Amino acid sequence: MAGTKANSGKLLDIRNLRIEATVYPPGEAPRTITLVHDVSLTLEKGKVLGLIGESGAGKSTIGLSSMGYGRGGVRITGGEVILNGRDILKGGKEGLRRLRGREVCYVAQSAAAAFNPAHRLMDQVVEASLLHGTATRAEAEKRAIALFKKLSLPNPETIGQRFPHQVSGGQLQRVMTAMALCSEPDLIVFDEPTTALDVTTQIDVLSAIKDAIRDTHVAALYITHDLAVVAQVSDEIMVLRHGRLVEWGGTRQIIKEPRQEYTSALVSVHEIDHQEQQPGTAPMLSVKNVTAAYGGGHIKVLKNVSVDIFPGQTLAVVGESGSGKSTLARAITGLLPPEQGSVVFDGRTLANRLADRPKEDLRQLQMIYQMADVAMNPRQTVGTIIGRPLEFYFGMKGRERDKRVAELLDEIEMGKGFIDRYPAELSGGQKQRVCIARSLAAKPKLIICDEVTSALDPLVAHGILKLLLNLQQIEKVAYLFITHDLATVKSIADSIAVMYRGEVVRYGAKSKVLTPPFDAYTDLLLSSVPEMEIGWLEKAIKGRRMESAGN
Amino acid sequence: MLDIKRIPIAALIGIVLTTLFVLAAVLAPWIAPHGNAEIVSDVPWEPMSSVHWLGTDNLGRDLLSRMIYGARITLFIAVLATALSFSLGAILGFSAAVFGGWFDTILSRLVDLLMSIPTLIMGLVVLSVLPSNLVTLILVMGILDSTRVYRLSRAVAVDINVMDYVEAAKLRGEGKAWIIFREILPNALSPLVSELGLRFIYAVLFLSTLSFLGLGVQPPDSDWGGMVKENKDGIVFGIPAALIPAAAIAALAISVNLVADWVLNRTTSLKGGRG
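Read top to bottom, the protein sequences are chains A and B. Just so you know, the first sequence maps onto residues 1 to 551 in the numbering used here. Just so you know, the second sequence maps onto residues 1001 to 1275 in the numbering used here.
Hints listed in this document are in silico derivations from the structure and should not be mistaken for laboratory results. Check the hints yourself; a few may be wrong.
[Claimed, not checked] Which residues of chain B face chain A? A few of them, derived with a C-beta cut under 7 Å, are:
| hint | residue |
| --- | --- |
| 1 | Asp1104 |
| 2 | Met1115 |
| 3 | Asn1161 |
| 4 | Tyr1165 |
| 5 | Pro1186 |
Computed from a predicted model, the values in this text were never measured in an experiment. We treat Cβ as the ideally placed atom computed from N, Cα and C, and that holds for glycine.
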């Protein structure tokens, strides 16, 4: 920490950083690939730099290099990382040990996986300070409690005595921030700290992090794929793609006047043109007063839910985790037979249990999953995956089947060259497209889309949403779209059902649901969606009428 | 395709040795210098010589020929017993995972019951009651061993059964057979293949133990375990004839394990369907 003043406030200076890794493709000789191509950046004391990009952009790799760390087989092969006036790559193991946890700290994406479940939170929070001998245990604990208070954790005096599983996800993420701040470092690397959280929790964590950064004057690298989130906390933003710098500038410039095409694509990612359709007369699917429960009827997760979906239209079901939206899908498909109520599909009442439904009912009601990689059998080729519904429902065989598979691959904008590929040989977006093709192959009247875009990068997700809307035009299929992402809902829905703790709290046409006056929960949900606007966070926190879950 | 240069040296040793044993077993009648039960010497336990490479056994039979025929019997029984235990254990295990409910409960408790009795004791009791022939031997070995395979395949299948792609197949309306053989089996193969090597070794060892105790292969035929038994009295007089089949058992166990290890390494990395 000495000698920083001489450096005109410059804390971190990365010059021509080059990071490589060796890959072992099956059946080929191992080769070296470059993950980061000569990226340079500087960060002044007390400033926050946002690193943004899709998966594989190298943002985490660059962030970790500021601690001299390369994840699993990743090597820093070129360039300099100058922190507090010295090149940390030349300090050797001893140098790194003195650096980590004292000058640079790290906040991981999944706090639940990063904390040791066997130790109390306080022991883990003060560990770095004790190891480096910068504070006595009493001092460090006092500091930790002050940080807990600052990060607005409940019961700051006693929360340290709990184990990681005894606090909620949002709280754990804040405890981790306290852990990083406890040894009073000069720099913190935040690696997607809010990505795994619900929107209403994200906003709390975000504002806690922002306040803590402001009050402790620590510098930070904030890594995320969500431009709207990073715009709230950082002074400057660096856009990365494929390990190369795309654009680097002040936050206002990046989100208001992006200079590169890629950056403007990221900024305008949620804009999809979709005209809301008026509800028809006869619903395609109507869920009538459905109540469903797990654990032999003890844990009620759906309480008296009624919604309608009209032919060729999209109903979006929104809510946070635990609101029962995926359970609604399970009740409709018959995987979880409802206790009360009924599901009427195309004029006939569906059998409650999946096993009692005729093949024709199953065909007309298809489903697409959140995680495309586990929704496809890794040992089947794309041709088998898409071809099976054709065989199963329509008895297509041989050339006829292959022809139809090729047509479907065309519809999802993939060539027929993919027919022999295995799922592991596809990208995330391609996998989801194959899943869409598989459900389309059955020529369904309704497709249930369960969080289909939440595991994807924003631009890829955008492509998938546009594809789904196009296919709706062509195939006249209705969607039940389950999501926690309100931005998605705004762009594709015709009607919306907002769910909270197993109940539908607001339901109707999109324009009606999204027009005030709102009920308290819808208001909280809507105001928690990060907007690409500086100062949004403060405004949103001030305007809240209801505490979010996890507080 | 597979490049010989990229096979690790340990696996290569395993492959070569295993192949030798298999060849000896398959070609026994053509490569053995003498018949299995043919007495070639008036003196028991003749030392190794250019006529009898490994010497002769307790009855003056050529030990090399006995070893080669022994390989045939040992491998034949072990392969059949393993095949039986795998088909039985895997199919029952997968079915238990897919059907669940009372079917799973009854089957699993039955397996627990069988496993709670030490295999060797169970084997001894059953084999001393039943007529001693090859069919009973293979059946007893296969069924006792299938409990282990059942446990493994049920555990693997329970994991796979909750994957979204299996749920997708159920929603499509697929039957149980499709789910077991097309969705679960291909994804359960790699842990099962590595287990196959291990279980085969256990079968060889179990057979040798039974024969050593006199309940396995009956004379004049003999597997390696039986040959250790026949020649064990010679050890007191400093005659090493019993050590040769014992060494063969050890060599077979190690070499098959080396191959199984390598197969496991190759199949478990995240490569999807290829490689």
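Here is how each hint holds up against the structure:
1. Asp1104: violated, 17 Å
2. Met1115: violated, 30 Å
3. Asn1161: Asparagine 1161 of chain B check fails; min Cβ-Cβ to chain A is 12 Å, beyond 7 Å.
4. Tyr1165: Holds, because the Cβ-Cβ distance from tyrosine 1165 of chain B to chain A comes to roughly 5 Å (cut-off 7 Å).
5. Pro1186: Since chain A brings a Cβ to about 4 Å from proline 1186 of chain B, closer than 7 Å, the hint holds.
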